[in-house]
Amino acid sequence: MIITQLTMHHFRQFYGTQTIEFAHDGDEMVTVILGENGRGKTGLYRAVMYALFGDRTLEQDAKGKGVLLANSRALKEDEAGQHRGIESSVRIRFRHADKDYELHRSQLSRQQANGKVHEEASELILIDHTDGSRITKKEEVERFIHDLLDERVKHYFFFDGERIERLTRVDEDQKEEVATGIRNLLKIDQVLKSRDVLGHMLKATSKQLEKHSTGDYKKALQKRNSLQEQIEEAKNEQARINKEQTALAVRIQEIDNRLEELSQVSVAIRQRRELEKEKEGVSKGYAEAQQALTALHSTIGLLMARDVLYEVKKQLDFYLGENRLEETMTASGLQELIHDLTCICGRAFDEDSEEYRRLQSLYRSVKSQESNQAYYEMKAEVMQLIGYLEGKESELSERLSDLKSYETRLESLNYQIEQLNQQVTGSSEQSIQELGEEREAVVTRKAQHEVEFRRLEEEWTELENELAKVDLQLKDLKVKSGLHQQLLTKEEKLKESVDVMDRAINGFEQDVIQDLELATSENLAYLLDDSGRQNLQDVKVEQDYSLEVYNAFNQPFLANISQGQRQVLSLSFITALAQVAGGNKALEMPLFMDTPFGRLSTDHQENLMNFIPQIASQWILLVTDREYDETVKRKFESSGVVGRFYRLESTEPGVTTIEAGEVLNHD
Amino acid sequence: MSDEANLSERLRPFIEGEDPLVQKMITHTLDEVSRKSLSVDAISKKMSRRLDQWMREEEEGRS
Amino acid sequence: MIKDTGSLRVRVRPTYLPLYKQLLKSRQIRQHSEFFTTCCFLPGPSERVDMGNITELCQANSFTDYQLTALSSLGYKKSQRILEPNELFEMMEKEADAGMTFLITELWHDLVNLNQDEDVTLIPGQEFEAQVRLIKFVQGKLEEVPF
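Chains as they are written, first to last, in full-length UniProt numbering: chain A, 1 to 667; chain B, 1 to 63; chain C, 1 to 147.
Treat each hint with caution, since some may be false.
[Stated by the list, open to error] As a list, the in silico PhoX-like pairs of lysine-lysine whose alpha-carbon atoms are at most 20 Å apart: (1) B:K46 to A:K207; (2) A:K137 to B:K36; (3) A:K193 to B:K46; (4) B:K45 to A:K495; (5) C:K136 to A:K404; (6) A:K193 to B:K36; (7) A:K379 to A:K313; (8) C:K141 to A:K404; (9) A:K203 to B:K45; (10) A:K469 to A:K495; (11) A:K223 to A:K207; (12) A:K193 to B:K45; (13) A:K99 to B:K36; (14) A:K495 to A:K203; (15) A:K495 to A:K193; (16) A:K495 to B:K24; (17) A:K446 to A:K235; (18) A:K495 to B:K46; (19) C:K141 to A:K392; (20) A:K469 to A:K223; (21) A:K211 to A:K475; (22) C:K136 to A:K392; (23) A:K207 to B:K45; (24) B:K45 to A:K211; (25) C:K77 to A:K379; (26) A:K193 to A:K203; (27) A:K314 to C:K78; (28) A:K223 to A:K211; (29) B:K24 to A:K193; (30) A:K404 to A:K284.
[To be verified] The following residues of chain A were derived to be distant from chain B, with all beta-carbon distances above 10 Å: (31) G81; (32) H83; (33) S133; (34) T180; (35) H212; (36) I241; (37) E254; (38) E276; (39) T342; (40) S394.
It should be emphasised that the hints constitute simulated quantities derived from the structure, not laboratory data. We put the beta carbon where it would ideally sit given N, CA and C, even for glycine.
With the hints as constraints, model all of the structure from the sequences given.
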C-alpha cells in the first residue's frame with residue numbers, strides 16, 4: 001500500500017476540505033509535514049488511523065477521555081445556524097498491487113442541548129478506481145484493510161514518537177497478540193494454517209480408514225486413534241496451562257505493582273492524617289480570625305466617617321475661632337460683676353475704667369461662646385471620636401491579613417490533602433491484605449500448574465511410545481490386510497506431509513527470525529552513534545518476537561539502554577520487519593511517523609534520515625520546528641529524497657490550514 | 001505486501017528432497033491458503049479430493 | 001448634639017429590610033444601627049431615587065454616641081448647621097439607602113439574590129464573603145485618602 005492522498009473534511013482542527021498529496025514516486029518518497037505542537041500533526045495521524053481502522057482514540061489519549069473528531073468551529077456554526085449536524089470525513093487514496101483505491105470514512109455529529117456532542121458513524125466505502133467497483137459492506141471493507149495490514153501490527157507502520165520505544169517493552173499479555181500480528185505480517189500465519197489443513201485431512205483419512213477396517217487391524221487403528229487423541233489432548237492441555245501460566249505471571253506482576261503502590265499509599269495515609277490534624281488547628285484559627293474581623297464591623301462605619309470628621313472639625317475650628325472658653329466664668333457671673341462695678345479680684349471700679357471695658361468684652365465673648373455651646377460640644381465629640389478611631393485602621397489591616405494568612409494555609413492544606421486523597425482512593429489497609437492473599441493463591445496455583453505441566457509431558461511421552469508400538473503393529477497388520485490400499489497410502493502421505501510441514505515451519509520461522517535478527521542488528525549498527533555502537537553489539541529476536549540486545553561482553557543489556565537508544569532499537573526492528581516481510585524489494589507500506597525525533601540525538605536523527613529512504617517505499621514525517629530546523633531541512637532536502645513539504649498553520653484557535661511549501665531544488 | 005505466490009517459494013528450501021507427492025501436497029496447500037480466505041475445513045476437503053486424484057494418476061502411471 | 005432622640009424611628013426602604021435582618025441573624029452585625037451607619041458613609045448613586053413607603057428599621061436611641069457623632073458630622077458637613085434629630089435622620093435615611101444601593105449593585109452584585117418581590121438578600125452562605133469585601137473596600141478607601 002502506498003498512500004497518495006489524504007483529504008479531510010471538518011475533521012479535528014481541519015475546517016472545510018483540505019488535502020495533502022503524499023510523495024511516493026521513485027527516489028523522492030518522503031513527505032515532510034511541519035507543525036508546532038497543537039497545530040494538528042496528531043490530527044493527521046488520527047485521520048489516517050480513523051480512515052483505515054476506524055480508530056476514534058489513540059493509545060496516547062487519556063483513558064476514558066473521548067476525543068471529538070468533528071471540527072469544533074463547524075459544529076459551532078451549525079449550532080448557531082440550521083443545527084442539522086455536520087459530516088466529518090477522511091478520504092485516503094492509495095495504490096496497492098497496481099490498483100488505485102479510495103477509502104472513505106465519515107461520521108455525523110451534532111451539538112446537543114446538554115453541551116455534549118453526539119457523534120455517529122456514517123459511511124465506509126472502498127472504491128477501486130481501476131475498475132470503478134465499490135465495496136460498501138463494513139465487514140468486507142474491514143477484511144480488505146486487514147489483508148493490507150494486520151491491525152495488530154499497525155503501530156509498526158503508523159506510530160507516534162512517544163510510542164515507538166514502547167514497542168520494545170510490550171506488556172506480557174500483549175506479547176502474544178503482537179507475536180501473532182508479526183507472524184501474520186511475515187505470512188507465517190498462512191504456513192501455520194496450511195499445516196492445520198494437512199492435519200485436518202490426516203484426521204479425516206484416519207477416521208475413514210478406521211471405518212473400513214475389520215478385526216485386529218481395526219482394533220489397532222482404534223487404539224492408535226485413541227492414543228493420538230489422548231496425546232493431542234495432553235498437549236492442548238499443556239498449551240492451555242502454559243497460557244494460563246503467562247496470565248498468572250502477569251497477575252503476580254500486577255499485584256506486586258499494586259502492593260508497591262499501596263505501600264506508598266500507607267505513607268500517604270499517614271501524611272494525610274497529619275495534615276488533617278494540622279488543618280483542624282488552622283480551621284479553628286480561621287474561624288477565630290473571621291469572628292475578630294466581624295467584630296470590627298461596628299468600627300467600619302465610623303472609620304468610613306473619618307474624613308468627614310476631620311473636615312467637620314476643621315470647619316468648626318474656623319467657625320468658633322481660636323478663643324478658648326473661660327471655664328470658671330459664666331456670662332451671668334460676669335453680668336453680676338459688671339452690675340456691682342466690682343472686679344474679679346474684688347477691687348471696685350467705675351464705668352469709665354479699663355476694668356469695666358475689659359469685663360464688658362469678656363462678658364460679650366463668654367456670652368457668644370455660650371450661644372455656641374452646641375458647636376463646642378459637637379467639636380469635642382468629633383475630636384473624641386477621631387481619637388477613638390486612631391489605631392483602628394491598623395487593627396483592621398492586621399485582622400484582615402490574619403484572616404488571609406489562615407485562608408492561604410487552609411487552601412494549601414486542602415490542596416495537599418486532595419492530592420493524597422487521590423493517591424489513597426480505592427485502596428485501604430484491607431486491600432493490602434486481600435492482595436497479599438490473592439498473591440499467595442496465584443503463586444500456589446502457578447506451582448500446581450508446573451507440576452501438572454510436567455505430569456502431562458510424561459503422560460504424552462509415554463503415550464507416544466505406545467503409539468510407536470501400535471504403529472509398528474499396524475505396519476505388520478497392514479501387510480497382512482491388503483485392504484484399502486489407497487486409503488492407507490493417502491494416510492501415509494498425509495502423515496509424512498504433516499511431519500515435513502512441522503519441520504518446515506520450524507525451519508522457516510527460525511530462518512525468518514534469523515533474518516530479522518541480522519537485519520535489526522545491521523540497522524541498529526547503522527543508526528546508532530559511535531558510543532552506542534560500542535555498547536550494543538547484537539540483537540536477539542526471541543520466539544515471541546520480543547527483543548534483547550547484547551553488549552560487547554555478550555551480556556543482556558536491554559534494561560540498561562537509554563530512551564533514545566531504545567527508540568533507535570525499535571526503529572531498527574520496524575525497518576527490519578519491513579525488509580524481511582517485503583522480501584527482495586522494499587515493503588510496499590508507508591512508514592508514517594508522528595514526531596519521531598524528539599528523543600533522538602543529532603547523530604541518531606541524521607542516521608535515520610539517511611537510512612529510512614533506503615529501505616522503505618514511502619515515508620511520511622510529521623515534525624516540529626525543533627526537530628526540523630532550517631539546517632536540517634536544507635540538509636535533508638539536498639539529499640533529494642523529499643518530494644513534498646507542508647506546513648501546518650493555525651489561522652484561528654482550533655483551526656489549522658495545510659500550506660504546501662517549496663522543496664529545495666537539489667539538482 | 002509481498003507477492004502472494006512468494007510463500008511456497010520461500011518455504012521451498014525447507015521441503016526440498018522430500019517425497020515429490022508430499023512436496024506437491026504442501027506447496028499446493030500453501031498456495032490455496034494464501035490465495036483464498038476459506039476455512040480450514042473447506043480447504044481440507046478440496047485438497048483431499050486433489051490428493052485422491054494425484055494418487056490415482058500415479059497409480060495409473062505406474063500400471 | 002442630639003442627646004434626646006425620643007421615640008424617633010429610623011426607617012429604610014422595605015425591600016432592603018430583609019438584608020439588614022439577614023446580617024443581624026448571621027451575626028455579621030450586632031445592631032441595625034451599626035450597618036445603617038456604615039451605609040451612610042458608602043458612596044451612593046449621585047441621583048437620589050424615591051425610596052417609596054419606607055419602613056421602620058430600629059429606634060434612633062439604639063445608636064451609640066460615636067454613631068450619632070459620625071452621623072451628625074455628616075449632617076453638619078452637608079447642611080453647615082447642626083440638625084435636629086428628625087431632620088438628621090431624614091437625611092441619613094436617604095444616605096443609607098444610597099449606600100445600600102451601591103452595595104447591592106456594585107460591591108455585592110454577585111452575592112445578592114433579588115426575589116420576585118424584589119426583596120434583597122445575600123445568597124445564603126455568602127454573608128461572610130460580603131463582610132470581607134466590605135472591609136477590603138473600606139480599607140482601600142482609607143488608604144486612598146492620606147491625612
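Cross-check of the supplied hints:
{"no.": "1", "hint": "B:K46 to A:K207", "result": "17 Å, holds"}
{"no.": "2", "hint": "A:K137 to B:K36", "result": "19 Å, holds"}
{"no.": "3", "hint": "A:K193 to B:K46", "result": "15 Å, holds"}
{"no.": "4", "hint": "B:K45 to A:K495", "result": "16 Å, holds"}
{"no.": "5", "hint": "C:K136 to A:K404", "result": "11 Å, holds"}
{"no.": "6", "hint": "A:K193 to B:K36", "result": "12 Å, holds"}
{"no.": "7", "hint": "A:K379 to A:K313", "result": "6 Å, holds"}
{"no.": "8", "hint": "C:K141 to A:K404", "result": "19 Å, holds"}
{"no.": "9", "hint": "A:K203 to B:K45", "result": "12 Å, holds"}
{"no.": "10", "hint": "A:K469 to A:K495", "result": "16 Å, holds"}
{"no.": "11", "hint": "A:K223 to A:K207", "result": "12 Å, holds"}
{"no.": "12", "hint": "A:K193 to B:K45", "result": "14 Å, holds"}
{"no.": "13", "hint": "A:K99 to B:K36", "result": "19 Å, holds"}
{"no.": "14", "hint": "A:K495 to A:K203", "result": "9 Å, holds"}
{"no.": "15", "hint": "A:K495 to A:K193", "result": "16 Å, holds"}
{"no.": "16", "hint": "A:K495 to B:K24", "result": "14 Å, holds"}
{"no.": "17", "hint": "A:K446 to A:K235", "result": "18 Å, holds"}
{"no.": "18", "hint": "A:K495 to B:K46", "result": "17 Å, holds"}
{"no.": "19", "hint": "C:K141 to A:K392", "result": "14 Å, holds"}
{"no.": "20", "hint": "A:K469 to A:K223", "result": "11 Å, holds"}
{"no.": "21", "hint": "A:K211 to A:K475", "result": "18 Å, holds"}
{"no.": "22", "hint": "C:K136 to A:K392", "result": "14 Å, holds"}
{"no.": "23", "hint": "A:K207 to B:K45", "result": "14 Å, holds"}
{"no.": "24", "hint": "B:K45 to A:K211", "result": "18 Å, holds"}
{"no.": "25", "hint": "C:K77 to A:K379", "result": "13 Å, holds"}
{"no.": "26", "hint": "A:K193 to A:K203", "result": "15 Å, holds"}
{"no.": "27", "hint": "A:K314 to C:K78", "result": "14 Å, holds"}
{"no.": "28", "hint": "A:K223 to A:K211", "result": "13 Å, holds"}
{"no.": "29", "hint": "B:K24 to A:K193", "result": "17 Å, holds"}
{"no.": "30", "hint": "A:K404 to A:K284", "result": "14 Å, holds"}
{"no.": "31", "hint": "G81", "result": "46 Å, holds"}
{"no.": "32", "hint": "H83", "result": "45 Å, holds"}
{"no.": "33", "hint": "S133", "result": "18 Å, holds"}
{"no.": "34", "hint": "T180", "result": "16 Å, holds"}
{"no.": "35", "hint": "H212", "result": "15 Å, holds"}
{"no.": "36", "hint": "I241", "result": "24 Å, holds"}
{"no.": "37", "hint": "E254", "result": "36 Å, holds"}
{"no.": "38", "hint": "E276", "result": "62 Å, holds"}
{"no.": "39", "hint": "T342", "result": "138 Å, holds"}
{"no.": "40", "hint": "S394", "result": "83 Å, holds"}
Of the numbered hints listed earlier, not one is contradicted by the structure.
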